[in-house]
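Trainee: Residues per chain are reported as follows:
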Amino acid sequence: MPDIILEMKRITKSFSGVNALTDVSLQVKRGEIHALCGENGAGKSTLMNVLSGIYPVGDYDGEIIYNGEVCAFRDIRDSERKGIVIIHQELALSPYMSIAENVFLGNEVTGLRGVINWDKTQARAIEILRKVGLEDENVGALVGELGIGKQQLVEIAKALAKKVDLLILDEPTASLNDEDSKKLLNIMLGLKEQGITCIIISHKLNEISFVADAITVIRDGRVIETLQKGIDDFSEDRIIKGMVGREMTNRYPERESNIGEVIFEVKNWNAFHPDDSKRHVVRGASFNVRAGEVVGFAGLMGAGRTELAMSLFGRAWGSHISGEVFMRGKPLNLRTVKDAIDSGIAYVSEDRKNYGLVLINDVKWNMTLASLSSERFSSYGTILSNEEILAAEEYRERINIKCSSVEQTTESLSGGNQQKIVLTKWMLSRPEVLILDEPTRGIDVGAKYEIYGIINDLASAGKAVIVISSEMQELLGICDRIYVINGGEIAGELENDRLTQEDIMKKIMEHSARRNV
Amino acid sequence: MEPIKQRSKINLNLKQYGMMIALIVIFLIFSTLSSGKNASPMNINNLIMQNSYVVILAVGMLLCVITGNVDLSVGSVVAFTGALCAILVLEYKIPIPAAFAIVLVVGLLIGMWQGFFIAKLGVPPFIVTLANMLVFRGLTMVILKGQTKGPLPKDYVFVGAGYLPVIRGWGGLDLLSVFIGLFGSVAIIFMEYLSVKNKKKYNFATPPLWQIGAKLAIIVIVLNFFVLRLAQYNGAPVVLTIMLALILIYGFITDRMVVGRQIYAVGGNKKAAGLSGINTNNVMFWVYANMGLLCALAGIVLSARNASATPKAGDGFELDAIASCYIGGASAYGGTGTIMGAVVGALIMGVLNNGMSLIGWTVDVQRVVKGLVLLGAVTIDLLSKKKRK
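So the sequences go chain by chain: A and B. Its first residue numbered 2, the first sequence is counted upward by one per residue in this note's numbering. Its first residue numbered 5, the second sequence is counted upward by one per residue in this note's numbering.
No lab work stands behind these hints: they were computed from the structure. For every residue, glycine included, the Cβ atom is placed at its ideal position computed from N, Cα and C. One should not assume that every hint holds.
Below, computed lysine-lysine pairings styled on DSSO-like, alpha-carbon distance capped at 27 Å [to be verified]:
id, chain 1, residue 1, chain 2, residue 2
1, A, Lys354, B, Lys389
2, A, Lys354, B, Lys275
3, A, Lys14, A, Lys331
Facing chain A, a subset of chain B residues (Cβ under 10 Å, in silico) [said to hold, decoys possible]:
id, residue
4, Lys205
5, Tyr206
6, Phe208
7, Asp259
8, Arg265
9, Gln266
10, Gly278
11, Ser312
12, Lys316
13, Ser335
14, Tyr337
Pulled out of the complex, with its shape left as it was, chain A reads as follows (with noise of 0.2 Å):
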């Protein structure tokens, strides 16, 4: 009987009603570095947030037994105290701070009342650093001056700090590059020879088929399968099917294609990090959309996207833009925000709280935000505030928004309406190219299915239409056409004839084998 660290029971957890988890189980044993697999939105960080706390006891049903007792963790610190630490996709670290106060951050060597032993802190830093390879590092250096890899390691030294038995790391290599993840990988390996158990999520395959022992995979919320590594199949492929193998049922409108010329194409488009200009975000990407299309873009997290479209868009991001667009054949110069959106292109953001809505005001006001100088909505630059509630009611009542008026502030409404008011934004600025960033992006199945409809009316009525989307399932189930996209370039272009979550992984693995090489 192998010693298990981790066990967890049936676990169960819901938001407003909907499932995240549903009866998850997962053994975990002392010093194995265990994969959690899955697509996004799974449940991979809901389960690990249930187990360090940040979801207390009490919001989730279910059983925790670690190291042999039953767990009731109320907050992160808790669970801290048992020795489960967990590392963020998004660093928790303090950039003006040095290296060594942030290892010590919130856990500070202090002497008699509190006072911090600034000379005991630093030996002990050196002493960490060395465990994940940073022995090189000035410990009074500032973190924000490290590069993001080496940041990375600072967090796990900062989880060393703090007695460390169960690391829980969520996505630790996705915004590295390869080097940087191989070195943090066998930094992995080494933990474990000191005997530390790891839970690793990872959209990497090849990285867990190369550090796992075991490898859950979670679909929709439920456990699928364990693999353990000798004697199950530990091949990409083998993980793939189990993380997308489910059947299509109808859960995308019907849709007949009407297909016209090219209306928008951009040719060698290429972007830099507008802190760095030495990463090279989005490096020639070419493609094209034509009328009555749905063009998907496929891609993992961090394969920048997110960024090609916003670099795009009026040069919303990044630095070093260089590239050519066109708009049925005419060279567009697109230098503002502004210009874009009078040449016709439309970008609803994956964010739309930050970056799509002003959640104080109201419906009919956020929704004329983007076409305020139009001749509808102004005349001598005055509002016409009658047009607005005419053009709010009309949207309201065609795409099926639920708010009490359209004065309702849109703070207070679901995701799904906010979602179908960013999307009216955009359609009275009456574009030809939309770009729909993550459009379905946490919001439940219903309001999904409406918006796939609203994206289908608009090619319908002519319209190039852009989806940027992390759910694979979901570009196969609207899109004529896919782009992949890995590592800031175009990894291929797929029709959508058949095509299967299989194919378009593993074109992304390929592209990365070959940009190994």
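With chain A held as given, fit chain B onto it using these hints.
Mentor: Then chain B, alone, in the frame of chain A:
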């Protein structure tokens, strides 16, 4: 999900008028405490004269507050522009209208200078305006050589302390003021009528008639009360017309114009505004440029009323203007606030100041009360918003 029905009647949003009601209540309280002294014709006149510059500044400050920021340099720029104007007129013998024009341009340039640092270079407004508060207070001292410049000529003083021509009629009342009051009342009622008619034409919901009637009645009564008091005294002050013009112009810009909407959008969510095609940097630039222009106007009015320019002029005005905006319901996080609210906020501060002076409270106590009113108003506003959620 509750059923959605098309309603033909909606209720007036009382909260919108809450501060106006508070203003009336405060005024009535001090009326009782001072046994009617604060409603005397002379005091009503003083109330308007004393608070005109705070109202002018609050109008400009509101735009800064909507963007989620403040302008701390206001008091110093008022002093500087006032001093500059006095010097141009007294030392360089420049004709008064030309001097006013020059000073207004200088004010605009000062605002653009601040806007440049804020919008183009991305320095936080708090720091830029704090720095310029020191710079322009210092420059005021320098150009005045630390002394008071005066007395200013009669035509200059007219702008700050003068009155529109007086036509004495029945009972010694100034007929022009009375006429202005009546004309204003008819205009307000007519505008409301047009708005309701338009809404009906589009088949939109309108508040019940009695609510509209009550609202109009209160506004008309308050307006005519003020105007009659002025008519009993020296007639309509020149600054009153300047104030009213500013309120109308800026009220229209913020409420009805695209540029106004853009300011709210930048304050409400800068990133979303940018991705909706609004040039957020331009908006910030012009908001601060405009503040400079209004500071110059307030500088002229203040020096005119005092008939001189002093190095200490305008000290602390920025805080009065900022407080007016917050008391008037603007959010400290940006994105909300109205011109009418800021004006009412300024008047609440004015009525408090004036009332407490009349009943003989010392300046120290007045400060305590004003501070508590600001704290209370903002707290109540925040709590009521939280409750609604």
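Trainee: Does each hint fit the structure? Answer for all of them.
Mentor: Here is what the structure says about each hint:
1. A:Lys354 x B:Lys389: Status holds; Cα separation ~19 Å.
2. A:Lys354 x B:Lys275: It holds: about 10 Å lies between the C-alpha atoms, which stays within 27 Å.
3. A:Lys14 x A:Lys331: Violated - the C-alpha atoms of lysine 331 (chain A) and lysine 14 (chain A) are around 52 Å apart, more than 27 Å.
4. Lys205: holds, 8 Å
5. Tyr206: holds, 5 Å
6. Phe208: It holds, given that the least Cβ distance between phenylalanine 208 (chain B) and chain A is near 6 Å, below 10 Å.
7. Asp259: holds, 9 Å
8. Arg265: Holds - the Cβ of arginine 265 (chain B) comes within 10 Å of chain A, reaching about 6 Å at its closest.
9. Gln266: holds, 8 Å
10. Gly278: holds, 6 Å
11. Ser312: violated, 40 Å
12. Lys316: violated, 39 Å
13. Ser335: For serine 335 (chain B), the interface hint holds, since the closest Cβ of chain A sits about 8 Å away, which is under 10 Å.
14. Tyr337: Status holds, d = 8 Å.
Going down the numbered hints, you'll see the structure goes against 3, 11 and 12, while the others check out.
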